[in-house]
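Engineer: Given next are the chains, with one letter for each unit.
Protein chains: 2
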Amino acid sequence: MIRAALCASLALLFAAPAHADTLIDNVNGITLDKDGKLVRFTGLVIDKDGKVAKLLDRKDKRPERPDFKEDAKGKTLIPGLIDAHGHVMGLGFSLMTLDLSETKSLDEALAAIRRYAADNPELPWIIGRGWNQEAWGLGRFPNAADLDAAVPDRPVWLERVDGHAGWANSAAMRAARVTAASKAPEGGRIEMANGQPSGVFVDAATNLIAAAVPKPLARDRDRAFLLAQQKLLEQGITTIADMGTTIDDWQSYRRAGDKHQLAIRIISYGHDVDNMALIGGPGPTPWLYDDKLRMVGVKLYLDGALGSRGAWLKAPYADAPGQKGLPLLTPAQLRNKMVRASMDGFQVAIHAIGDAANAEALDAITDLNADLPGERRWRIEHAQIVDPIDIPRFKQLGVVASMQPIHQPSDRLMAEARLGPERLKGAYAWRSMETAGVRLAFGSDVPVESANPFPGIAAAISRTDAQGQPFGGWHPEETVSRETALDGFTRSAAFAGFAEDRIGTLMPGMRADFLILDADPLLASPSEIRGMAPRETWIGGYRYYKRKGS
Amino acid sequence: MIRAALCASLALLFAAPAHADTLIDNVNGITLDKDGKLVRFTGLVIDKDGKVAKLLDRKDKRPERPDFKEDAKGKTLIPGLIDAHGHVMGLGFSLMTLDLSETKSLDEALAAIRRYAADNPELPWIIGRGWNQEAWGLGRFPNAADLDAAVPDRPVWLERVDGHAGWANSAAMRAARVTAASKAPEGGRIEMANGQPSGVFVDAATNLIAAAVPKPLARDRDRAFLLAQQKLLEQGITTIADMGTTIDDWQSYRRAGDKHQLAIRIISYGHDVDNMALIGGPGPTPWLYDDKLRMVGVKLYLDGALGSRGAWLKAPYADAPGQKGLPLLTPAQLRNKMVRASMDGFQVAIHAIGDAANAEALDAITDLNADLPGERRWRIEHAQIVDPIDIPRFKQLGVVASMQPIHQPSDRLMAEARLGPERLKGAYAWRSMETAGVRLAFGSDVPVESANPFPGIAAAISRTDAQGQPFGGWHPEETVSRETALDGFTRSAAFAGFAEDRIGTLMPGMRADFLILDADPLLASPSEIRGMAPRETWIGGYRYYKRKGS
Numbered sequence: 024m025i026r027a028a029l030c031a032s033l034a035l036l037f038a039a040p041a042h043a044d045t046l047i048d049n050v051n052g053i054t055l056d057k058d059g060k061l062v063r064f065t066g067l068v069i070d071k072d073g074k075v076a077k078l079l080d081r082k083d084k085r086p087e088r089p090d091f092k093e094d095a096k097g098k099t100l101i102p103g104l105i106d107a108h109g110h111v112m113g114l115g116f117s118l119m120t121l122d123l124s125e126t127k128s129l130d131e132a133l134a135a136i137r138r139y140a141a142d143n144p145e146l147p148w149i150i151g152r153g154w155n156q157e158a159w160g161l162g163r164f165p166n167a168a169d170l171d172a173a174v175p176d177r178p179v180w181l182e183r184v185d186g187h188a189g190w191a192n193s194a195a196m197r198a199a200r201v202t203a204a205s206k207a208p209e210g211g212r213i214e215m216a217n218g219q220p221s222g223v224f225v226d227a228a229t230n231l232i233a234a235a236v237p238k239p240l241a242r243d244r245d246r247a248f249l250l251a252q253q254k255l256l257e258q259g260i261t262t263i264a265d266m267g268t269t270i271d272d273w274q275s276y277r278r279a280g281d282k283h284q285l286a287i288r289i290i291s292y293g294h295d296v297d298n299m300a301l302i303g304g305p306g307p308t309p310w311l312y313d314d315k316l317r318m319v320g321v322k323l324y325l326d327g328a329l330g331s332r333g334a335w336l337k338a339p340y341a342d343a344p345g346q347k348g349l350p351l352l353t354p355a356q357l358r359n360k361m362v363r364a365s366m367d368g369f370q371v372a373i374h375a376i377g378d379a380a381n382a383e384a385l386d387a388i389t390d391l392n393a394d395l396p397g398e399r400r401w402r403i404e405h406a407q408i409v410d411p412i413d414i415p416r417f418k419q420l421g422v423v424a425s426m427q428p429i430h431q432p433s434d435r436l437m438a439e440a441r442l443g444p445e446r447l448k449g450a451y452a453w454r455s456m457e458t459a460g461v462r463l464a465f466g467s468d469v470p471v472e473s474a475n476p477f478p479g480i481a482a483a484i485s486r487t488d489a490q491g492q493p494f495g496g497w498h499p500e501e502t503v504s505r506e507t508a509l510d511g512f513t514r515s516a517a518f519a520g521f522a523e524d525r526i527g528t529l530m531p532g533m534r535a536d537f538l539i540l541d542a543d544p545l546l547a548s549p550s551e552i553r554g555m556a557p558r559e560t561w562i563g564g565y566r567y568y569k570r571k572g573s
Numbered sequence: 024m025i026r027a028a029l030c031a032s033l034a035l036l037f038a039a040p041a042h043a044d045t046l047i048d049n050v051n052g053i054t055l056d057k058d059g060k061l062v063r064f065t066g067l068v069i070d071k072d073g074k075v076a077k078l079l080d081r082k083d084k085r086p087e088r089p090d091f092k093e094d095a096k097g098k099t100l101i102p103g104l105i106d107a108h109g110h111v112m113g114l115g116f117s118l119m120t121l122d123l124s125e126t127k128s129l130d131e132a133l134a135a136i137r138r139y140a141a142d143n144p145e146l147p148w149i150i151g152r153g154w155n156q157e158a159w160g161l162g163r164f165p166n167a168a169d170l171d172a173a174v175p176d177r178p179v180w181l182e183r184v185d186g187h188a189g190w191a192n193s194a195a196m197r198a199a200r201v202t203a204a205s206k207a208p209e210g211g212r213i214e215m216a217n218g219q220p221s222g223v224f225v226d227a228a229t230n231l232i233a234a235a236v237p238k239p240l241a242r243d244r245d246r247a248f249l250l251a252q253q254k255l256l257e258q259g260i261t262t263i264a265d266m267g268t269t270i271d272d273w274q275s276y277r278r279a280g281d282k283h284q285l286a287i288r289i290i291s292y293g294h295d296v297d298n299m300a301l302i303g304g305p306g307p308t309p310w311l312y313d314d315k316l317r318m319v320g321v322k323l324y325l326d327g328a329l330g331s332r333g334a335w336l337k338a339p340y341a342d343a344p345g346q347k348g349l350p351l352l353t354p355a356q357l358r359n360k361m362v363r364a365s366m367d368g369f370q371v372a373i374h375a376i377g378d379a380a381n382a383e384a385l386d387a388i389t390d391l392n393a394d395l396p397g398e399r400r401w402r403i404e405h406a407q408i409v410d411p412i413d414i415p416r417f418k419q420l421g422v423v424a425s426m427q428p429i430h431q432p433s434d435r436l437m438a439e440a441r442l443g444p445e446r447l448k449g450a451y452a453w454r455s456m457e458t459a460g461v462r463l464a465f466g467s468d469v470p471v472e473s474a475n476p477f478p479g480i481a482a483a484i485s486r487t488d489a490q491g492q493p494f495g496g497w498h499p500e501e502t503v504s505r506e507t508a509l510d511g512f513t514r515s516a517a518f519a520g521f522a523e524d525r526i527g528t529l530m531p532g533m534r535a536d537f538l539i540l541d542a543d544p545l546l547a548s549p550s551e552i553r554g555m556a557p558r559e560t561w562i563g564g565y566r567y568y569k570r571k572g573s
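From first to last, the protein sequence lines are chains A and B. The first sequence begins at 24 in this note's numbering and counts up by one. The second sequence begins at 24 in this note's numbering and counts up by one.
For the record, the hints were derived by calculation from the structure and aren't laboratory data. Just so you know, not all the hints are guaranteed correct.
Because identical chains share one entry, a pair is satisfied inside a single copy or across any pair of copies.
What the hints assert, rightly or not - DSBU-like cross-link-like pairs, simulated, lysine-lysine; straight-line CA separation at most 30 Å:
hint, residue 1, residue 2
1, K57, K282
2, K360, K282
3, K57, K315
4, K98, K74
5, K315, K127
6, K96, K360
7, K571, K96
8, K360, K238
9, K206, K96
10, K74, K315
11, K60, K418
With these hints in hand, go ahead and build the complete structure from the sequences.
Structural biologist: Below is the structure:
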């Protein structure tokens, strides 16, 4: 089904030749060293293994006869950016399905859906994602009747932008045998209207429809992966932490590796302990394919998202007084999974968005830390709404805060509505985390947001959106420095994945993963940074991407 | 559970050094060429990639300064033997569980079970395999009461030698909640006694108990694999076709490969189409780890085994007049699975033991052959009892007969009882297959039999058992020549797995997989052959095994 929907052609990825002893000269070179100190250089020498051999100063002698030399003509060179939290296959499939994330109103979305259905008559289901009733200013969830007006004859199933809710038409509900009598599973909710399912399904209830969608074939998966990889290369992501790898996902990554088609690096976290154990077996895998792939840990989901009110809060939602959201795991379930992973040396990354979820994750880590010696590098993913009294506990417990700066401008108005003003003090609180001594790893949560890291860097340093709004930044006391933003997308993102011994900086001995940029992100304005895109993306001393015309 | 049962220590596999330009000199060298013609040589030169560079005659000049030279002092050198049909993880787990295959009576077996339970008090379940009421001369199946007398307090579950039946004690049936009311699933049978389950479960019904056995952990699986590999190396098997790989099995093989612990070569057939698609994805995998691992196809089960009367016969069993055995797939199911595999380029291997199953497999291949161009190399596994009128169809349809010579002496008396004299004409009918022009690939069906290929070669050329019985051979008109036996375990076994371009002979360019033997199997007596064991086992130019004292 998805196969037929694929129109984009795969770019030929691997045209860039391998080089022994490469010199990239005449650069405005920037990296952090292993302690986070800024280092500047004007030339980069890469050895035959694709590792950094030497950083050169203006006055340093250049190698006399490198096998390959590139004159960067003063362009800026920075370490390859690491996305500490993304969903690789989610990105790939989003590139193969209808994208509603740019629609500005329900009507615009319905028009796009109608057009897509007409353009793809062979598809048995219309699958899409990215809708956001908040961005549409709709003031309510959309419903099946809205969709039926656009596509009455075929099932339509559209994931919300945050992945925590789905929107079905009547044909999809019929195909999935969902009726007024259907019960939401635990951890899920069926939106109702006049005693009937309205068409919107929240969190665990999305499975009621999703289970009826025809499964993609392995060839669809492999194509989705290559599309995702190409997109990441174009956006300057050289490594991504894949947050919730299934065995099917893993097999696609391995097939790419086996066929020498793996360009980016993937730090994989198994989708719950079953996938972790099936993929890793008795412990984390070694680094595979020249440090391109490793399963290092497990991703656990403790709550949902703010937009769908699935995030688990200490006090009720400001805009839905009876509701506090839902924990997706009992205390015992959470701890059992954490112990099972940790005993076998797997790292644990816990999705926690609401302040109650964050507190519970910290409580669980407290319970386990005493009995589990060794450096665990517990990760809390998102750490979006944190009670300020809990922030110091991240530091005390050695927890990495894995946060996505771009969520802040995207969520701003919604967060204000959901939380009210008081709770915003611990919302997207990067600077508070940093001040408390917490390690900050930055990512995108792609495909919830674009994987493009530059708007994320711009958000991190300015707390403004694509229009530069609000002027002066939203709660600007929580901005971070440019160096911290760079650190979050490079050195600390590597640390968060136990990879700081090979990537994240350009110090000698590290893998030569880097970008060539038109401007210096330490000098450019936030709006200039937002518009940046790499001229070239190099991984392990190979140039995998070169922008057209550059 | 199985972990605790493991007593054997893992030999250090990888002590043998790599050599560039190796000379094995002064050998009585034997190989077939690509057309099956016998070639003799006295020296073997291996290049730095572990491939055969040259075969030397007595008069040929030797390389002047090889990096490594071994003087074999006139010992015999033959190609590494290929087991065309085995179960690698089954062998591994059999090495970690109670082995009853050498017991000569029910009493002896019960004594062994009692002793094993006493020696392993920490095991929650006693797991074993290898029993055979025929070998015991019991005249009936054993039952739960027999077992309860040996182990009353803990569940006991023992697989029959052919893997097609299991024997439980009362505690195991209680743990699995099996009662008089339990129904056998389709394709299975619960043996009953006085209106109660007797304790023996046949074919699909074995799952009723097996599902309650605690699952082995990944670390148990990995250890089982390394034990199996070591055993195969000691027995002179350099490549094995793994007939029914699950995703768990595959992950163990990959972990071994990733850690540079994969010594033997594995040609993998997925356990039904689900595992095939999950492992291979859109098609067969490439050869991985320097030709050590490849998933090439799928294993389908069309019937059971003769011992448990699960083999599907055209006419009723001679010793159970009402029964004809069971097809495990409907005609539509079989063809659907074959099409699904073949359309994606996977090879299909169909388990067929009874003459009805063989005829149905041939019918299905006939139905598909016309619509599927290209060389499919359909395989029928076992092809044990074939109606003589069906034998020419193997040749017509291009079907490889994948047979296990050692089954013949093991099954002889039982086959006579099950089939009566008339049907023995197409039983284990190697020479008839060969005469009809059918490609014969030989294997062991380990762990149903020992993986040791030498008793298999002896059986193939003599149709006698370990005691040399019956004198002159059982239906000796079906013996094959020594050259054909060698071909079945080398060149044709490689062909059967689409691997003849890299293994199976020692012609220049092929992987240097070979054995050093004490005697020449083309000259030795059947009883000498039966007792052979390699002095050394080399794979890809590495010596992975050297017998103590040799």
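Engineer: Now tell me, hint by hint, if it's right for this structure.
Structural biologist: Consistency of the hints with the structure:
For the identical chains of this complex, K57 and K282 are inter-copy neighbours only, at 29 Å across copies versus 33 Å inside a copy, given an alpha-carbon limit of 30 Å. For the identical chains of this complex, K360 and K282 are inter-copy neighbours only, at 27 Å across copies versus 34 Å inside a copy, given an alpha-carbon limit of 30 Å. Taking the shortest Cα distances, K57 and K315 sit within 30 Å of each other inside one copy (21 Å), while across copies they are farther apart (39 Å). In this homomeric assembly, K98 and K74 come within 30 Å of each other (Cα to Cα) only inside a single copy, at 21 Å, whereas the closest approach across copies is 48 Å.
For the identical chains of this complex, K315 and K127 are neighbours neither inside a copy (38 Å) nor across copies (55 Å), given an alpha-carbon limit of 30 Å. When the C-alpha separation of K96 and K360 is checked against a cutoff of 30 Å, the pair qualifies neither within a copy, at 52 Å, nor between copies, at 60 Å. In the homo-oligomer, the alpha carbons of K571 and K96 lie at most 30 Å apart inside one protomer (17 Å), although the nearest pairing across protomers, at 66 Å, exceeds that limit. For the identical chains of this complex, K360 and K238 are neighbours both inside a copy (28 Å) and across copies (18 Å), given an alpha-carbon limit of 30 Å.
Taking CA atoms no more than 30 Å apart as the test, K206 paired with K96 passes in neither setting, with 64 Å inside one copy and 78 Å between copies. Within a single copy, K74 and K315 get their C-alpha atoms as close as 13 Å, and across copies as close as 29 Å, so both meet the 30 Å cut-off. Taking the shortest alpha-carbon separations for K60 and K418, only the intra-copy value of 21 Å comes in at or below 30 Å, while the best inter-copy value is 73 Å.
The structure fails hints 5, 6 and 9 (numbered hints given earlier, in ascending order).
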